[in-house]
Amino acid sequence: MEREVLVTGIGGQGIQLLAKTLALAATREGRYAMLAADYGGEMRGGPSKAGVVIGDAPLRALPILPSAWSAIFAHHRHAEGVEERLRTGALVVANTPLVDPEAFRADLRVFAVDASGAARAAEAPNAIGFVLLGAYNALTRLVAAQSLVEAMGELLPPYRRQHAAANERALQAGAAAIEGVAV
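In case it helps, UniProt numbering puts the sequence shown at residues 1 to 183.
Keep in mind the hints are simulated off the structure, nothing from the lab.
Hints may be right or wrong, so weigh each one.
[As the list claims (entries may be wrong)] Beta-carbon label-pair distances, calculated as ranges:
1. Leu62 x Gly117: 20 to 30 angstroms
2. Glu102 x Glu154: 17 to 27 angstroms
3. Glu154 x Asn126: 14 to 24 angstroms
4. Ala57 x Arg85: 15 to 25 angstroms
5. Pro58 x Arg161: 17 to 27 angstroms
6. Leu156 x Gly40: 31 to 41 angstroms
7. Asp38 x Leu155: 33 to 43 angstroms
8. Pro58 x Glu123: 25 to 35 angstroms
9. Glu29 x Glu102: 33 to 43 angstroms
10. Gly12 x Gly153: 17 to 27 angstroms
11. Glu154 x Gly81: 23 to 33 angstroms
C-beta: ideal position from N, C-alpha, C; glycine also.
Start from the sequences, fold in the hints, and give me the full structure.
This is the structure in structure tokens:
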């Protein structure tokens, strides 16, 4: 099995930390993972994209992906070209209302998640990236939910460790946001 995910959004949404968390969780489970980050020089508001490839054997796909099995769209800005790279039947997590789930091609499996609302409800308003990751992982089951929590905790820099509990709640809120949804 080899799965690719494209993640797109703007700086400040946690795109890079989301991608690193998924890749680290996979490697901690003994799987193979590659990550490619692409972001602007701005801290907030600029383009932020990442590609993650996860597999059970040494990887064939490069993390700079010409096509992908899935995607997470955190923001419509800077998302151009990503939908075109998705294969027929690709799974898409769309952060509503910033991304219109009705605007995607009909051959994609699109799941709408109000990440901002779920993050606020979980008392983690700055963790929308983790809400999206929690929803994505609940849909794909690429890694164990606990592996995401552990990887997130490991990746947080010392000056952000106070956010670990809120980030964990955000991961859980994302998973809860799609409970009962047929994949």
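Hints, verified against the model:
no., hint, verdict
1, Leu62 x Gly117: 20 to 30 angstroms, "violated, 35 angstroms"
2, Glu102 x Glu154: 17 to 27 angstroms, "violated, 38 angstroms"
3, Glu154 x Asn126: 14 to 24 angstroms, "holds, 19 angstroms"
4, Ala57 x Arg85: 15 to 25 angstroms, "holds, 23 angstroms"
5, Pro58 x Arg161: 17 to 27 angstroms, "violated, 34 angstroms"
6, Leu156 x Gly40: 31 to 41 angstroms, "violated, 23 angstroms"
7, Asp38 x Leu155: 33 to 43 angstroms, "violated, 18 angstroms"
8, Pro58 x Glu123: 25 to 35 angstroms, "violated, 41 angstroms"
9, Glu29 x Glu102: 33 to 43 angstroms, "holds, 35 angstroms"
10, Gly12 x Gly153: 17 to 27 angstroms, "holds, 21 angstroms"
11, Glu154 x Gly81: 23 to 33 angstroms, "holds, 32 angstroms"
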